[in-house]
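Q: These are the residues of each chain, in order.
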Amino acid sequence: MDKVLVFVETRGDEPRKASLELLCEAEKLAASGKFTVEAVCFGAMSDTLKGKLLASARKLVRFTDPELAAYSPEGYARALAGYAAETGARLVLAGATGTGRDFLPRVAVMLGTGMVSDVTGANWFDEPMTFVRPMFGGKVFAEIAAPASPVVVTARPNSFAMDMPEGVSGEYEERAAGALADAIHTRVVRVEETKGDAVDLTEADLIVAGGRGLKAAENFKLIEDLAAAIGGTVGATRSVVDAKWRDQADQIGKSGKTVSPKLYIGAGISGAIHHIMGMDTSKVVLVVNRDPNAIIFNYANYGIVGDLFEVLPAMTEEIGKRRERG
Amino acid sequence: MDKIDAIVVGGGLAGLSAAYRLADAGKQVILLERGDAPGSKNVTGGRIYVDPIRSYLPGVIDSAPFERHVVREMITVLDEGSALQFEYGNEKWKKEPFMSHTVLRAKFDSWLADRAGAKGAFIIPRKKVDELLYEDGRVAGIRSGSEEIGAHVVIAADGALSFLAQKAGLRQPHRPENLAVAVKEIYQLDEKTIEERFGLGPGEGVAGLFMGSVTRGLFGGGFLYTNRDTISVGLVVGIDSLIHGAGGFDAPGLMEGFTGRSEVQRWIRGGELREYSAHVISEAGIGAVPKLYTGGMLVAGDAAGFALNLGLTVRGMEFAIASGAMAADTAVLALDGNDLSESSLSRYEKRLRESFVLPDMETFRHSREILDRQRFFTVYPRFMCELFDELFTVGDKPKEGLYRTARRVAKKYVLNMETLKDLLAARKL
Amino acid sequence: MNILVLVKQVPDPEALVEIASSGKDLNIEPKFAINLFDEFALEEALRVREKHGGKVKAISLGGSKAIEALRTAIAMGADEAMLIEDEAFAGGDGYNTALALSKALEKETFDIVLAGRQAIDADRGEVPQMVAQFLGLPHVGVVVKLDISDGKAVAESSLEGAKEVVEVALPAVFTAQKGLNEPRVPLITGVMKAMKVQIPKVAVEDLGLTKDVAAPENSKTKIVRYLPPKKRPAVQLIPGEAREAAAEAVRILIDVERVI
Ligand SMILES: Cc1cc2nc3c(=O)[nH]c(=O)nc-3n(C[C@H](O)[C@H](O)[C@H](O)COP(=O)(O)OP(=O)(O)OC[C@H]3O[C@@H](n4cnc5c(N)ncnc54)[C@H](O)[C@@H]3O)c2cc1C
Ligand SMILES: Cc1cc2nc3c(=O)[nH]c(=O)nc-3n(C[C@H](O)[C@H](O)[C@H](O)COP(=O)(O)OP(=O)(O)OC[C@H]3O[C@@H](n4cnc5c(N)ncnc54)[C@H](O)[C@@H]3O)c2cc1C
Ligand SMILES: Nc1ncnc2c1ncn2[C@@H]1O[C@H](COP(=O)(O)O)[C@@H](O)[C@H]1O
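Residue numbers (our numbering), protein chains in the order written: chain A, 1 to 326; chain B, 327 to 755; chain C, 756 to 1015.
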């Protein structure tokens, strides 16, 4: 049987969504009988977190080295690659989050193998395995074969269904990678939490994005209110970021983040291709623009031709009403 | 000041052909273009005649990335709800050497830029020229942003609104009535579909013209050119008629009206909109050609007013290429003779007179006045459409004979003094 | 301070990209540009040099056309450039690209390697980290601020929403993210210099690699075919006054699409 390692990223007591999605996908692989799956995790682990993970992974291995308490590409890569080599893994999986995309390439080199980044689909049972990933900002997709073994893969958040398996209660193991101190040459001086505990855009299920049509920084309140009403995350166009109305971290598009939510609501956004490239894999797209010729309508499922200053508050209010009614 | 041989301002066809010829003659030349790349800001309907320019770009023009060779002219006369269409084709046009081709400027200009680059010209995009520099009362270089670059000669090929010619005191500011606005869209369709839809063989193309009531009661002209796997469609409307016509100028709205007409839809249906652009055209004809040279400077292409709006067609590309080349050749001689004075550069105008450029401009001296006769865009199209309407409509009333119908409709529109005047005016063409 | 910048030539962000009828190739409009993120890397390298002295060298791996990206680098102010010329790398996988680049880097003396966060053609974001690993160097990814002093760097990385300030001893590899700086537009004189300069080319064999290292049969991963993105159905416009349309939109999202 082939071994699959899933790197699980955590934040506080929560596994990251991208990791959970992969665990769910991996459970299907385990259920097929062709693969055995282990979830690999670094750093502190509360009982709550452990409980959550053991409900979706048949085996959870945590590396306890103190050097892994904070993220370092070298430390993480060495621990994960070392374990993959030791267990003869056939597949090393991680979410294509900032962290995943940052250190998995090092893992691939350590293992002397190929990597496929940011995949949105996979044929795990093909020989060799094949993957689908967007290129050119989603203008085309490529099907990639990975004949080398193991294969190192990062998967784009929201690409695999989160069907939580039932009746799984995995075993738990703690290990130490050892000898990490000398391998790590970066030191985290401080972390500025800019985002509180809001879901990061790249993983968000629901996004409300605003563009220059909002006219001023303070009007982003309309976007924030609607986002709050649906439990979504706020995104922005580059013009808005360049105008310093929003932080760079909010920028969606070619030179910002690529998002793939279930729902993208965009208001006051013209639909420049650079922006579209960051959001075109969203499942449902609803846009509000007062210009009926705005290009963004070409990339939307639903459109409202109207003034966002009227439409957004009305939507927020309507959602409130619907919620009250249950 | 340190000086290079020549600076060309503007990466359109005029500037590129000038840079090509200067570099070909071994001169050190830089071309500055404010857009992201040569061709990126240039708009053309899309048809170029090859014969007039072959001698200016010897050996290269035949390898240019043309789209399709034109084998058929298609003319559509539009009235509000009706249209009359006729075509002219000639088997001769299907055989090489082809007379004219459709082109897409982004491709064509970047090709010419590559050729000029290969000859050793420095083509530098994203550089807007802000000022001319003078030395001893002569143009001696340019300023772009914080940089001043000296040159023995500057060729201004900066397009229809050329402010360099104005800066150098060679011409007055433009008057709005001398300008037309053009809007253009490019639709993508696959090669086969285009050939089937227009009934064309491989590589063959159509040049289409629309005249009359192009959109929302606004009069002007429209064009359509088939490219390899795209179709260019656009509108040219005089700024005058915009002011008196449709109220607030709204180019996308006008285009929507035009491309929404079934006579246009039938060709572009199913195509994906790939590009949208708007541009001005100088319509003034030879009357607005400025002084073409001064000490250390020459003006070429649209900047020199070398474009003809003949109502149905706009011709400017051949003028641009030819005048750019002649400006360069003049400059080369002047550089070799180490004389960049005004009188030395005056040889440019002589060359232009001996070529097709100034004579053609002269021939069509009056085209602008004629275009001013609104009736060409209003009354005659309506007359033609109504005539056919009457001929083809069968109602519950008895029909008159052919002759009587024609006479009655003609009387309504064209059997009058106005038409006679128009005819007299048209004789000047 | 010797700074190496990894520069990739990519199709212009606006270039049309289409799948060839075979499905195995792409037809890309031949408009090229220096990779967006590599411009930030270059700009940062120039700024570090302006502050601390030293040299900036731009290195690219690609076909002969990639020389243009290096000319742009020189025009912006890089002191030197080098092209590792091998057409096969245009479609080569990240591993082999990084391997070849790391072999080239081994022959250089440097304190800092700057690269882009991601190349906007293949959108992989793998190569710089792999280069770092091949060379046994640390890296800091997605950097939006970089301070160099006393043989070490303090870099602000925005990997996730949060900003992390990381300290690292040099030599090290950094990947540049938008926000790091505003790349300069080359001066005319810079461009003229760049057009004249002779940029040395080396072949992968000169780096001690076999000739066909980037050929598909020698790659760890390979592209089997290209697929078009899923087409969204034509937009459904929701009619009515703002309030009505808003209410209808909410109804659709809740009852029809069931996304909220
Ligand atoms: C290399 C490069 C990379 C880029 N990367 C990115 C990127 O990553 N992300 C990105 O977003 N952009 C990016 N851009 C910029 C991009 O090209 C556009 O300039 C930008 O996306 C436009 O932002 P916008 O839609 O907010 O503004 P605009 O284009 O100004 O659009 C504003 C829209 O608001 C509408 N509007 C105005 N008032 C109202 C109202 N009251 N009600 C409703 N609608 C209204 C208008 O009709 C208009 O359509 C990049 C550009 C380049 C060249
Ligand atoms: C809609 C339309 C349809 C047409 N159809 C046809 C046709 O079918 N056939 C035909 O022969 N002609 C046609 N023409 C005319 C033809 O396009 C022009 O005559 C021709 O492009 C002129 O070339 P040019 O090089 O003089 O100017 P342009 O092509 O306008 O080039 C001028 C260049 O200078 C640059 N520039 C301007 N100012 C500066 C500055 N300060 N610094 C640096 N760069 C600067 C501009 O960015 C531009 O690239 C058409 C024109 C239009 C608008
Ligand atoms: N062929 C190449 N030549 C030079 N640098 C490269 C090349 N490929 C990738 N890089 C560098 O690595 C960065 C990330 O590229 P990628 O991993 O391909 O997304 C780029 O921004 C470049 O700085």
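Just so you know, the hints here were simulated from the structure itself, not pulled from any lab data. Treat each hint with caution, since some may be false.
Said to hold, decoys possible - Straight-line C-alpha distance at most 35 Å; calculated DSBU-like pairs for lysine-lysine: (1) Lys518/B - Lys420/B; (2) Lys738/B - Lys215/A; (3) Lys262/A - Lys986/C; (4) Lys28/A - Lys257/A; (5) Lys786/C - Lys907/C; (6) Lys948/C - Lys977/C; (7) Lys3/A - Lys810/C; (8) Lys52/A - Lys28/A; (9) Lys900/C - Lys966/C; (10) Lys986/C - Lys858/C; (11) Lys820/C - Lys367/B; (12) Lys779/C - Lys28/A; (13) Lys951/C - Lys820/C; (14) Lys28/A - Lys986/C; (15) Lys215/A - Lys986/C; (16) Lys433/B - Lys977/C; (17) Lys518/B - Lys433/B; (18) Lys329/B - Lys244/A; (19) Lys329/B - Lys951/C; (20) Lys283/A - Lys977/C; (21) Lys907/C - Lys244/A; (22) Lys956/C - Lys900/C; (23) Lys433/B - Lys948/C; (24) Lys454/B - Lys956/C.
Q: Give a verdict on every hint.
A: These are the hints, each one checked on the structure:
About 18 Å separates the Cα atoms of Lys518/B and Lys420/B, which keeps this hinted pair within 35 Å; it holds. Between Lys738/B and Lys215/A, the direct Cα distance comes to roughly 55 Å. Violation of the 35 Å bound is thereby established for this hinted pair. This hinted pair checks out: Lys262/A and Lys986/C have alpha carbons roughly 16 Å apart, not beyond 35 Å. Taking the CA atoms of Lys28/A and Lys257/A, the gap is near 29 Å; set against the 35 Å cutoff, the hint holds.
A threshold of 35 Å between alpha carbons decides the hint, and for Lys786/C with Lys907/C the separation of about 39 Å lies outside it, so the pair is violated. This hinted pair does not check out: Lys948/C and Lys977/C have alpha carbons roughly 39 Å apart, beyond 35 Å. Restraint check for Lys3/A and Lys810/C: not satisfied, since their Cα atoms lie roughly 47 Å apart, outside the 35 Å limit. The suggested pairing of Lys52/A with Lys28/A holds, with an alpha-carbon distance near 18 Å, which does not exceed 35 Å.
Taken as a hint, the Lys900/C and Lys966/C pair is broken in the structure, with Cα atoms around 39 Å apart against an allowance of 35 Å. Taken as a hint, the Lys986/C and Lys858/C pair is broken in the structure, with Cα atoms around 42 Å apart against an allowance of 35 Å. For the hint pairing Lys820/C with Lys367/B, the CA-to-CA distance comes to about 24 Å; that is within 35 Å, so the pair holds. Of the supplied pair hints, the one linking Lys779/C and Lys28/A holds, its CA atoms being roughly 31 Å apart against a limit of 35 Å.
Using a Cα cut-off of 35 Å, the hinted pair Lys951/C and Lys820/C holds, with the two alpha carbons roughly 16 Å apart. Restraint check for Lys28/A and Lys986/C: the C-alpha separation of about 29 Å stays at or below 35 Å, so the hint holds. Using a Cα cut-off of 35 Å, the hinted pair Lys215/A and Lys986/C holds, with the two alpha carbons roughly 31 Å apart. Proximity of Lys433/B to Lys977/C is assessed by CA-CA distance (about 32 Å); at most 35 Å being required, the pair is judged to hold.
For the hint pairing Lys518/B with Lys433/B, the CA-to-CA distance comes to about 21 Å; that is within 35 Å, so the pair holds. Taken as a hint, the Lys329/B and Lys244/A pair is broken in the structure, with Cα atoms around 43 Å apart against an allowance of 35 Å. As the CA atoms of Lys329/B and Lys951/C are separated by approximately 17 Å, the hinted pair is consistent with the 35 Å bound. The straight-line distance between the Cα atoms of Lys283/A and Lys977/C is roughly 28 Å, inside the 35 Å bound, and the hint therefore holds.
At most 35 Å may separate the alpha-carbon atoms for a hinted pair to count; Lys907/C and Lys244/A meet this at roughly 31 Å. Annotation: proposed proximity of Lys956/C to Lys900/C holds, straight-line Cα distance about 32 Å (limit 35 Å). Restraint check: the Cα-Cα separation between Lys433/B and Lys948/C comes to about 27 Å, which is no more than 35 Å; the hinted pair holds. The hinted pair formed by Lys454/B and Lys956/C meets the criterion: a straight-line CA distance of about 33 Å does not exceed 35 Å.
When held up to the earlier numbered hints, the structure conflicts with 2, 5, 6, 7, 9, 10 and 18 and fits the remainder.
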